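Take the sequence shown: its letters are residues 1 to 264, numbered as in the working numbering.
Each hint should be verified, as a subset may be incorrect.
Claimed, not checked - Here are the simulated distance ranges between beta carbons: (1) Ala-71 to Glu-44: 34 to 42 Å; (2) Gly-120 to Gln-175: 49 to 57 Å; (3) Glu-41 to Glu-256: 15 to 23 Å.
Hints listed in this document are in silico derivations from the structure and should not be mistaken for laboratory results. Small disclaimer: the values here were computed from a predicted structure and weren't measured. In this text, a Cβ means the ideal position worked out from N, Cα and C, and glycines have one as well.
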Amino acid sequence: MMLFPCLWPRRWLFSQKGHLRPSQEVIREAVSIFTSWTGEEMREGECLYRATPGAAEDLAGLRVINLDSPALNENPFPIEIAFERRRREDCQCGKGAVYAGIHLAALLSKGLSARRVLWGDKPLFITRDYIATFDRDDLRWHLRYGVFSFPVLISLPGIIEAPARPREYYLLRSQGIPDAMMPDSLRDRYLTVNDPRLPRVLAGILLQAFFYYQSGDPFCPDPFCSLYHAHWQEELLRSQRDEPYIVCLRHRQALEKEERWLRG
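Can you build the whole structure from these sequences, using the hints too?
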């Protein structure tokens, strides 16, 4: 697999305030876990934002500006383009903007083509930006932790914020209770920025990307399999554990068939 992170050198999950874990530390731990499962070789490439021609102008046009409309920022202002150009040059992703995930993948695929990266290389683009897709059922944009295309896009803040938190969390928030005062019993049921479970969760999403490139299907209906398509934080945490198993029998057999599964 080829890993294209948009966050080297040392970058943080959201900001440098407090004691936040560096993004590359989380990624490296996740890659180590993933390779211990599969033996897959991970090669690192340069940031695709930088590698893609005309990315600054196009990125400004891919921003989601209205959650209730599929229309994007089709006529960006010069200041928005300048911001994207500066962000690209200084590797400053993670500024809070939301980008249309499918369109973003199509844009970044141009950078892959220029470098002759093929489907068999299994390219992954990991970013601190938010990515979203438009749901034709409820006619709204929804944050995603991943968009499975070419390349596969993985959003670090999306892992934390895209799957919904427990209903009790939103009830307490509506009553004015800040995050810092949430009871520990509730906080254990969703991910936070400094969460030690984050590398294991990301490793499971890397496994989803692996199966996407292998079979075209990154997901599994088994709620305990790491390939489960979670929409709630509790579902995500339940599926991204080593117990009762890392992957279901069907996906384990698929890995063993290729002599991939290294974990006992």
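A range of 15 to 23 Å was offered for this pair. Does it hold for the Cβ distance of Glu-41 and Glu-256?
Taking Cβ atoms as reference, Glu-41 and Glu-256 lie about 19 Å apart, which means the hint holds.
Regarding Ala-71 and Glu-44, is the given constraint of 34 to 42 Å on their beta-carbon distance met?
Check passed, 36 Å falls within 34 to 42 Å.
Okay, Gly-120 versus Gln-175 on CB: inside 49 to 57 Å?
With Cβ atoms ~52 Å apart, the hint holds.
Consistency note: the structure conflicts with none of the earlier hints.
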